[in-house]
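Colleague: Sequence:
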Amino acid sequence: MVCIIHGFPNSVSALRFEWAWQNPEKSRRLRLLTLKKGKKESAFEFRIRIVLHMLNSDPWRKLALTFRWLLPACEINFPAEMQLPAHMRIARGLVEKTSTLVPQLIEEYICIGKCAICSRQIKNVS
2 MVCIIHGFPN
12 SVSALRFEWA
22 WQNPEKSRRL
32 RLLTLKKGKK
42 ESAFEFRIRI
52 VLHMLNSDPW
62 RKLALTFRWL
72 LPACEINFPA
82 EMQLPAHMRI
92 ARGLVEKTST
102 LVPQLIEEYI
112 CIGKCAICSR
122 QIKNVS
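Numbering (this note's numbering), first residue to last: 2 to 127.
These aren't lab readings, by the way, just hints derived from the structure by calculation. A portion of the hints provided could be inaccurate.
What the hints assert, rightly or not - Computed beta-carbon distance windows for the label pairs:
| hint | residue 1 | residue 2 | range |
| --- | --- | --- | --- |
| 1 | E46 | T67 | 18 to 24 Å |
| 2 | F79 | Q122 | 56 to 62 Å |
| 3 | Y110 | P80 | 46 to 52 Å |
To be verified - Subject to a maximum C-alpha distance of 27 Å in a straight line, what follows is the list of computed BS3-like cross-link-like pairs (lysine-lysine):
| hint | residue 1 | residue 2 |
| --- | --- | --- |
| 4 | K38 | K27 |
| 5 | K63 | K40 |
| 6 | K115 | K98 |
| 7 | K27 | K37 |
| 8 | K27 | K40 |
| 9 | K41 | K63 |
| 10 | K98 | K63 |
Glycine residues also receive a C-beta, built at the ideal position from the N, C-alpha and C atoms.
Model the full structure from these sequences, guided by the hints.
Modeller: Set out below in structure tokens:
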């Protein structure tokens, strides 16, 4: 794996993006572009061109995504006529996990506590 796109709002939109990238001829959003591989273009360059078209078309151009080169040695320049939208950024290197939204241990969960109005212990939330 040379590059990834991350920052999707949920896993469903990420999976839809991945499917469209792998199947541009079947994707409703890309098949009208009739993207064809050039004679002097490598398969890798063609896939990068596809993803640039995707990132510049709806609905993906509205998302704050990051294009990350995992292997900077394999990085290629984007075609001059096809750049990322201005609000998207390019990153280099491996992804570092910074935090987890869902606590992993039971001790990390906060107890419900007492009601702020009547001061009784809360037993369950419905």
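Colleague: Now tell me, hint by hint, if it's right for this structure.
Modeller: Hint check:
Distance hint check: the CB atoms of E46 and T67 are about 21 Å apart, consistent with the given range 18 to 24 Å. Taken as a hint, the range 56 to 62 Å holds for the pair F79 and Q122, whose Cβ atoms sit roughly 59 Å apart. A C-beta distance of roughly 50 Å is found between Y110 and P80, which places it inside the suggested range of 46 to 52 Å. Of the pairs offered as hints, the one joining K38 and K27 holds, with about 16 Å between alpha carbons and a cut-off of 27 Å not exceeded.
For the proposed pair K63 and K40, the alpha carbon gap of about 32 Å is over 27 Å, so the pair is violated. Between K115 and K98 the alpha-carbon distance is near 35 Å, which puts this suggested pair outside the 27 Å criterion. Simply put, K27 and K37 have alpha-carbon atoms about 13 Å apart, close enough for the 27 Å limit, and the pair holds. Between the alpha carbons of K27 and K40 the distance comes to roughly 22 Å, so the proposed pair stays at or under 27 Å and holds.
For the hint linking K41 to K63, the alpha-carbon distance of about 32 Å lies beyond 27 Å, and the restraint is violated. With a C-alpha separation of about 24 Å, the suggested pairing of K98 with K63 holds against the 27 Å cut-off.
In this structure, the hints that do not hold are numbers 5, 6, 9, in rising order.
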